[in-house]
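J.: Spelled out, the chains give:
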Amino acid sequence: MAYDDVVRAYEPVLGLETHVELGTASKMFCSCSTVFGGEPNTQVCPVCLALPGALPVVNGTAVESAIRLGLALNCSVASWCRFARKNYFYPDMPKNYQISQYDEPLCTDGHLDVTVESADGPREFRIGIERVHMEEDTGKTAHVGGATGRIHGADYSIVDYNRAGIPLLEIVTKPIEGAGELAPEVARAYVRELRDLARALGISDVRMEEGSLRCDVNVSLMPVGGDEWGTRSETKNVNSLRSVDRAVRHEMERQAGVLEAGQRVVQETRHFQEDSGSTVSGRSKEEAQDYRYFPDPDLVPVAPSAEWVEELRATLPELPAAKRVRIQSEWQLSDEELRDLVNADAIDLVAATVDAGAPPAEARKWWLNELSRRATETEVPLSGLPITSAQVARVVALVEEGTLTNKLARQVVDGVLNGEGEPDDVVEARGLKVLSDDSALGAAVDTAIADNPDAAEKIRGGKVAAAGALVGAVMKATGGQADAGRARELILERLGVS
Amino acid sequence: MGTELLRMTAAELGAAIRAGEVTSVAATETYLDRIGEVDGDVRAFLHADREAALEQARAVDSRIAAGEELGPLAGVPIAHKDVFTTTDMPTTAGSRILEGWNPPYDATVTSRLREAGLVILGKTNMDEFAMGSSTENSAYGASHNPWDLSRVPGGSSGGSSAAVAAYEAPLATGTDTGGSIRQPAAVCGLVGAKPTYGGSSRYGVIAFASSLDTPGPFARNVLDAALLHEAFSGHDPRDSTSVDAPVPPVVEAARHGDVEGLRVGVVKELDGEGYQPGVLRRFHETVELLEGLGAKVVEVSCPSFDTALAAYYLIAPSECSSNLARFDAMRYGLRVGDDGTRSAEEVMSMTRAEGFGPEVKRRIMLGTYALSSGYYDAYYGSAQQVRTLIKRDFDAAFGHVDVLVSPTTPTTAFSIGERAADPMAMYLADLCTIPTNLAGNSALSVPCGLAPEDGLPVGLQVMAPVLADDRTYRVGAAVEAALASKRGSALLSESAYAV
Ligand SMILES: [Zn+2]
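Chains as they are written, first to last, in my numbering: chain A, 35 to 532; chain B, 1364 to 1862.
Note that these hints are calculated values from the structure, not bench results. On a predicted model such as this, the values are computed, not experimentally measured, just so you know. C-beta atoms are modelled at their ideal positions from N, C-alpha and C, and glycine is treated no differently. Please note that the accuracy of each hint is not assured.
Claimed, not checked - Using 30 Å as the maximum straight-line C-alpha spacing, the simulated DSSO-like pairs for lysine-lysine come out as follows:
| no. | chain 1 | residue 1 | chain 2 | residue 2 |
| --- | --- | --- | --- | --- |
| 1 | A | K120 | A | K208 |
| 2 | B | K1659 | B | K1754 |
| 3 | A | K441 | A | K497 |
| 4 | A | K399 | A | K270 |
| 5 | A | K120 | B | K1631 |
| 6 | A | K120 | B | K1724 |
Said to hold, decoys possible - Some chain A residues well away from chain B (every beta-carbon gap over 12 Å; in silico):
| no. | residue |
| --- | --- |
| 7 | V41 |
| 8 | E164 |
| 9 | E454 |
| 10 | S473 |
Work out the full structure, taking the sequences as your base and the hints as a guide.
T.: Structure follows, in structure tokens:
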């Protein structure tokens, strides 16, 4: 069913469950390292391997991160709450229960505002936050042999427990109603805003591609004008902002198709397929899991004092929404310019470049043009380019002080991205300084005049425009390093027309 | 020399070792020889390692020779319940599913025994995963009561109680979840204490029921139990439920068994019908004895104690059903059916079917059921409410008495096999001890005579508030001294395995 028809007939109701892996130095309940990418099973201990007798101890920094995110999401922070055990058997879950929170989450009842573009200009939506709770991650299973890399047909499976016990925050929205045709964009904007919030708080590196931010999308449809929600599907494995958008759109279309055919939507778990942009049913035989939650007797309640919560509130940095407002006014950006910055995920990078001394316009230009292009070419997010805001600011400064032309500056950026060091190192190593000292430039000018007698004659005769050809020759001879303006001055001077 | 050494209390032996009158190696050899002599009958140990024990003893001797200041139990041998992880000995918790498992880490209690210079002789038998009151649920066969080999030594820490009662060790560790130290101590004529919950660390104790499990000491006398209690207790940052408070002054209390003016409450609900007459007789004599020593005895009612057993048999199985989920053949222990054709889930299932004994399975099923959605409130939820009521009963009682007393067990040691087929009869062995586990306070069992009808030991249970463990030792020491002067000899000297 075409999307336009879908939204004419149905109103989508969304719910998002987002997992954020915290960037704490150690795991949720033990002191193992959380560094990503270690050799399998090297970041493990009796606790996170669930050896008999081992006991968990809560990571205080993780609780602190959870409270800070909760405060940034305008939640209430519980004065007393507990961890609960979620019991189910799975080979990559060492204890065969996950320590999570059940009916006593740490943070509840907040909201997050997001803005999306509509035909009538920007529209703001307030997303209700149901809860923020703490839990631990599982290990990772890889299936070896067989064609698909999936469990069916595999020869054997191997488990890496490095990730087991990494602290996670789960952020659950209240049902999102009334977004209509904008539902996919609203979902995407919410995840982006949440991601930027977590990043601003410094609690996670929120890299969707590495799985440190993961999203489950619940979608149901109700007929326009109706008041009873339909049956929802839960789509897992949604691992990029673009996929959030696509998954919601696909589920809306799929469910509308099911309903139009007079069938019922099945309550089920579905998996998002990155390549096709569609979702497929998880288990065909969806059994209702009974997790037998109960308060974890190994842990004492978490009881943050009001004083501590207020102390943490005072540590909240400028949040992304406030930052956008400030930056728009300070840099005098149009709504459209601001939107471009936001869509390119460049706002923090540009702001940091400005903080490092670059004028806002230059900083924006570098990140949105040259660097965005490089990021696209190498298929990394803008923030994943191996260049820092300070380095970009230094390149801008070198251009401003006349040491580099824009063309040379791009070569310097090449060098930095290539791992050749700081911009000044690249300038030095590649010999990229603009030739502005007259003796070196003078020799090139003299050669150019001697090599182009016709042009020189025209200039002497008053046709100053012909100087362009000689400047071109000088630039060519110097490999682009000459200061073109100075070269022109010298040519006119030598030919007696200045 | 051997017999003399075996007869010494742990305190005396420790003092002799420190004074250089006897070496730890000599003491250890003597106990190892004793184990070799009698353990074929008693079957207290699952694992005893002569060379490993002597190695530890030699290390302690050289620490002493080097002038190192060591605690009062340095060099003294000890039997260690097989529920505590030990890096140098296998740890099975009495289960087939952990057969041959060598832990890569020491339990906190194990580390503290080592730091205090105690010499671990070996690991003692227990009911599988501490579920039972007789050691008959051990996958490795039952231990025997040294007073009468046809009887059980109690449980779950029955290997430890049998070892100490048979003079195979002067001291032993245990864990008490519903009475697993006090009940075996009582039926073997020993002193056994359940410290305040969180007073001793659970780190490295293979979990049965996390909110109840409490490591504690076994000894042949009150002072030795106190010394051991002090040696391994105290705050442990690795156990979140560990209490961050000083260890109560148990040794001081054990040295001064003075009950003059102490207010003693006799729990009405733990006295009377269903108890073995000889047990009640010795219990009431002991209460009179305390009164004679200047204690003020009153009757106290704790009505919710009547529901303690039922609540316990919901809470403990619920917790164990989750705690034992980790035994899945993936990372350690037994693995059954892994022939390359079966899925991980099938291997887990086959391993658990073969690796767990019937009582463990019964409790996992009970607990799984009690936690299921739709049943949670009626079972686990109600049991937690009962738990709150029991705490209130204790609080109310301790508002006007200093300690509560009861028989430790309703009967003396029962015969091996007698209750094996009847779980309910078995569960009743813990009738008097369970309320303390549910409330988390402290208790101790001290011998108070032999039942006239069968000549077997009877225990007096002394219960005190949270972190007032010292009171239990104070009363224990008073009873011990009074009984010794009344009888003219130690109770254990009448055991078949007395030395
Ligand atoms: Zn770990």
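J.: Going by Cβ atoms, does A:E454 stay more than 12 Å from chain B at every point?
T.: The assertion about A:E454 holds, with a minimum of 46 Å to chain B.
J.: Decide if the proposed pair is consistent with the structure: B:K1659 and B:K1754, CA atoms, cutoff 30 Å inclusive.
T.: This hinted pair holds, its Cα atoms lying about 23 Å apart.
J.: Is the Cα-Cα distance between A:K441 and A:K497 30 Å or less?
T.: Distance ~28 Å between A:K441 and A:K497 Cα, so the pair holds.
J.: Just want to verify: A:S473 was marked as not at the interface with chain B; is every Cβ pair farther apart than 12 Å?
T.: 73 Å, holds
J.: Examine each Cβ of chain B, and state whether all of them lie more than 12 Å from the Cβ of A:V41.
T.: 37 Å, holds
J.: Minimum C-beta separation from A:E164 to chain B exceeding 12 Å: can you confirm that?
T.: 20 Å, holds
J.: Starting from A:K399, check that the Cα of A:K270 is at most 30 Å away, please.
T.: 37 Å, violated
J.: Taking 30 Å as the top limit, are the C-alpha atoms of A:K120 and B:K1724 close enough?
T.: 20 Å, holds
J.: Quickly compare the C-alpha distance for A:K120 and A:K208 to 30 Å and report which way the hint goes.
T.: Given pair A:K120, A:K208 holds - Cα atoms ~22 Å apart, limit 30 Å.
J.: Can you confirm whether the C-alpha distance between A:K120 and B:K1631 stays at or below 30 Å?
T.: Given pair A:K120, B:K1631 is violated - Cα atoms ~41 Å apart, limit 30 Å.
Checked against the numbered hints above, the structure breaks hints 4 and 5 and satisfies the rest.
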